[in-house]
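> Note that the protein sequences, when read in sequence, are chains G, E and U. Residues 1 to 1012 in UniProt numbering are what the first sequence lists, from first letter to last. Residues 1 to 216 in UniProt numbering are what the second sequence lists, from first letter to last. Residues 1 to 130 in UniProt numbering are what the third sequence lists, from first letter to last.
Any given hint could be a false lead.
Said to hold, decoys possible - Which bits of chain G does chain E cover? Going by a derived footprint, with three or more residues having C-beta under 8 Å, they are: (1) 166 to 174; (2) 393 to 407; (3) 728 to 736.
Simulated from the structure, these hints should not be mistaken for lab results. None of the values given here were measured: they were computed from a predicted structure. Each residue gets a CB set at the ideal place from its N, CA and C atoms; glycine is no exception.
Listed here are the chains, written in short residue letters.
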Amino acid sequence: MSQINRLKEGGRIDRSRKLGFTFNGKRYQGHAGDTLASALLANGVDIVNRSFKYSRPRGIVAAGAEEPNALVQLGSTEAAQVPNVRATQQALFEGLVARSTNGWPNVQRDLMGMIGKLGGRLMPPGFYYKTFMAPASMWMTYEKYIRKGAGLGRSPMEPDPDTYDHLHQHCDVLIVGAGPAGLAAALTAARSGARVILCDEQEEMGGSLLDSRELIDHQPAAQWVARVLEELAGRDNVTLLPRTTANGYHDHHFVTLHERRTEHLGETAPLKGGYRPARSRMHRVRAGQVLLATGAHERPLVYGNNDVPGNLLAGAVSTYIRRYGVVPGRRLVLSTTNDHAYRAALDWQDAGREVVAIVDARPAPDGELVAQARERGIRIIEGAAVLEAKGGSRVSGARVAAIDAGAFKVTGQAETLECDTIASSGGYSPVIHLASHTGARPTWNEAILGFVPGLVKGVHAAGSARGIHDLAEGLADGVAMAARALETLGVSAMAVELPHVDARRDGPSCALYQVPHEKPTLRAPKQFVDLQNDVTASAIEIATREGFESIEHVKRYTAMGFGTDQGKLGNINGMAIAARCLGKSIPEVGTTVFRPNYTPVTFGAIVGRHCRELFDPERYTALHEWHVEHGAEFEDVGQWKRPWYFPQSVDGKKETMHEAVARECLAVREKVGILDASTLGKIDIQGPDAREFLNRVYTNKWLKLEVGRARYGLMCKDDGMLMDDGTTSCLGENHFLMTTTTGGAASVLEWLELWHQTEWPELQVYFTSVTDHWATMTVTGPEARHLLAEITDIDLDRDTFRFMDWREGKVAGVPARVFRISFTGELAYEINVQANYAMHVWKTLFEHGDKYGLTPYGTETMHVLRAEKGFIIAGQDSDGSVTPEDLGMQWAVGYDKPFSWIGKRALSRSDTRRTDRKQLVGLKPKDPTVVLEEGAQIVFDPDHTIPMPMVGHVTSSYYSPTLGGGFALAVVKGGHQRMGETVYLPMADGKTHAAEIVGTIFYDPKGERQHV
Amino acid sequence: MSDYTATWANVYDVRPETEIPAESPLAWSYHNSGRPNVGTNSRAVLRERAMLGHLILRGGAIVLDDAVRQVLGLGLPARPNSLSQDDSGERSIQWLSPDEWLVIVPGGEEFALEKRLREALGGAHYAIVNVGGGQTLLELEGEMARELLMKSTPYDVHPDAFPVGKGVTTVFAKSSLILRRPTETRWELVVRRSFADYLYRWLLDAGAEYGIGVEG
Amino acid sequence: MFHIYCPYCEELREEEEFHPKGQAHIERPKDPEACSDEEWGDYLFFRDNPRGIHHELWVHAVGCRKFFNATRNTVTYEILETYKMGEQPTITAESLANREALGSVQVAGGGQQTVGASNASVASVKGVKA
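Just chain G, same shape as in the assembly (with noise of 0.2 Å):
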């Protein structure tokens, strides 16, 4: 098909580059300079959907970011598929293929379109809620095909084959909008010499002065677009976004641009230096002030199938007209109510194509484009609007009639002209959406008949955006604004000479948003309001008439500017009409709130580079590379890699965890295993009053420990409840070195802080973090001892290095401190040596550990060995709620401490002293060959009627190979005293198992293995 609706001359498309594109199968031409949607319509391509909920045929509406129908699917292979991009904001480039969102099985002629046919009063607002709630069991069915019948877009099922990025900006100016009010602001600023960004949505900055018949110095206006353009892009404190949608408008001037960088050029970024460049990114910007100058939207009015193709807006036919050299249509009805969209008519005129007439709601417009129109000889129906669109796939006629605005009354018998285009202004919607994201509340200007953005300190903005709709206003105004921004930085603006416009006298315009119909509004044609989600006039009056009085219900009611479309053409006539229902004025109803996003934005350009490998940092201890070549399995702990288990080959086959770890843990209680322990929590503490600090934050007394002494700590919240446990040592009088758990490092250090900064700032006392700065490893097991006194000079005599001794000296040569602390119950010794030698002085045990049997062993078998002996894990057998005497740890609180301890208060607290408290046993299961679940709940009747009363849960369970069986901690309600009794523990599966309470060490009760 060839380019039927393309004009011989005029536009800013470039006619030497051809581009060959594919919608729905079909090859079309277009040039260099197209968006998609001005390409469809060159074609002469009137249906680009199916309606979301009627199924309607749907053509091209507007030429912009307000285009509610033209949402295509983009991609010509699975992993380029884009759902959800509006045609009018998607560029034109060789080889582009898309598809409509919705229409299934085709847009041409589709199943649902029968429901949209016969339809109409069958699905009145709620209609899926009311008619497929019940069963509540069909629901997911019904669910599958309403899905597939409304049809949303899909993503891609592969990966994407492009990156995307972010990119963190800060300037003193942010300039959203290159039209003419943010032209003027950007060039006050930049020549104020502030960091100023510009963005501007399209593909070109310059707005509606790229399609304007007005004259700027005399000259179109995209001259002088293009010569401010080449000063700001001359200045190094300018940046200049163009094809940047500012998203979203967040706290304190954080505003999200995203930019497209390269969706103009292909449906993946084209590769450059052998690199694939970013294919959008989003700016992150840091603003000192924000000018929003993102001009206003036209409002459709609201007639009789007003959503048959070929309804337009009139600025969208004046901007295809001008800019693309593109005319959608032959013959002209134009529905106005303000002089402005006269503009439309002068130039399809100008195509050399037919007016029928100009329809004006208004009695006697007198403008100065009013004139030229009736220079010109075309026909101008004053008083009058257009009733109904006539005609299926394409309009064939527009019913026209007198009415009375005010009185919403046909006042005149109906004509029908016959046209296929319609074009309608019902006057023009600031675009206030990012200063409503701030919070501000729009405000009604009866004045311009539009919500006007709402004052909020340092919310700025200029031109159309606030209702200054005039060339020459709207330049004044953006050079005014901007230097108010400045002044709110306190920077004085330098002067900024106003071009010269030729002055144009508007005539008033007239309030008209929902036009009225001979018949009722229930039995009238479908007039709609919101095209996107299929939100007629009468659904709004239904609701009205259903009890929903505020805007804000009968938004959600009707679906009313949901989705992707925000209520960008809609969301005003909906008001008007919910206003006129209700006997109200619009801003009695209520007011628009937007929110982000402005426009749709990609996950690609949300994510950014936090994806694949770098979705989140991985931390390595310094021994990683020996694990990663050991084969280790690796397991999360907070951002640590750490290892689980060290599966080995027997005989060829890779064993299994279970396996591993059973061979791991007998390898710690005959011989001797080593764990890499690095990613402990280790915290430097120094200061006269460091003893002091300890004794208030643990719950155990801390005043006489020596140093080269140990000792295990409880930590509480003020609460009573367990929130980290761990081993500090006393390195000199003044200095300790506390270990905590893995996952608690950073907030046990910013706990200290806390109270040092905010409670005790008097005690002397630092903290620095050294977690990274010491490797620790563990050897332990009954032969450690021997295979650490071959490389080590210190005296391991078990008199004189007693278990909770640390000493330092040399291992492997490497200066080190060695702590003799047990986690596993055996003979235990943590070096701790400065990182960067960790890894000689773990090859160095290894190159020695061989007739000793030294095992490395990972997370999982340190699991089973601590809980074999019935230590605890903070975190895992706690769940900041519960106290250490619910842990049976009364040994390790201080109940005589002087100073009232965190924590120490709450214990005695009548919900801290109940006897019925979940408190930590062992559990053990009466088949030995079952491994409770962790987490499963816990009942003390199995034959008890559902619900069941749960009396707790296992919080740890595993399989000794020492003990040839089960075992768990789990918490039980006042289980301390229930020693021997019998649990049960119901699963999902059906099974019941039972298990007795018991204590909750299993190995070795009397500890003597860790003492020998």
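Chain G is fixed; fit chains E and U onto it per the hints.
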């Protein structure tokens, strides 16, 4: 080594006296992710200054200033977010908080420095902590270095907001680091050992379009 | 995304660098053992949730690691001032009410918090350009 029973604090040289192989926090990263060559097209260049001496100094500014001046011949930077260096640029002190500074010196100097500072500080309340094993320093240069930083940190790296002689602790990708600007053209990133690989991979990924190369 | 003035670093920093720590000026009772269960429960669990001016404790976690307080309007999210530990706010719900009663304009950029970027950068760019 010290006799721990006789001192208030346990201080000793964590570096071995003999030649012992040491691994920087990026040793694994170099093996695993490689080091892209620096070429004529490299508009960002990364270089690790491994094995330097890193000390954290805690205390009141007035107390520490005297000792630091005396021992290091450098004034303690008192203004927030500032960085002082000696003439060679090899020794630096950076303000981290009102009572915390980071001292970076050539590898091997830190223990002697700590001892001398402790002597100079006498009975004052202060803390000195050797953190050299826990962090490493990366240098970043090149015409696109600043844009690479803009991809990574929300902190404003425009020369007006980040002049030479500034240093801050801030967010970097999903982690954090210390970012400093010792000269017009050079940025320094002080990264924690355990996050070093993540940050290295981040920098290579974000810098790929600038042809980032790694020296050394 | 707040832009928060750290009174110790003496500049505005991104919210990502901070952790909120709840209501400010909650003091631990000097003698916990002398508190009734109810008093101790109040200290532990009960916090204000005002509409309007609120004083909050924050920590510059990825930064100087210092705790400080912020006076924030919970409706507009404007941070009216930040101040160091041990200091008292200069802006309170009462002081604002008094000012309004006196007919003065709403406080802008009070204390050390200004909303938006610092003016220094503008001035220095101007200097270069001039």
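> So, against the hints stated earlier in the document, which numbers end up violated here?
The structure breaks only hint 2.
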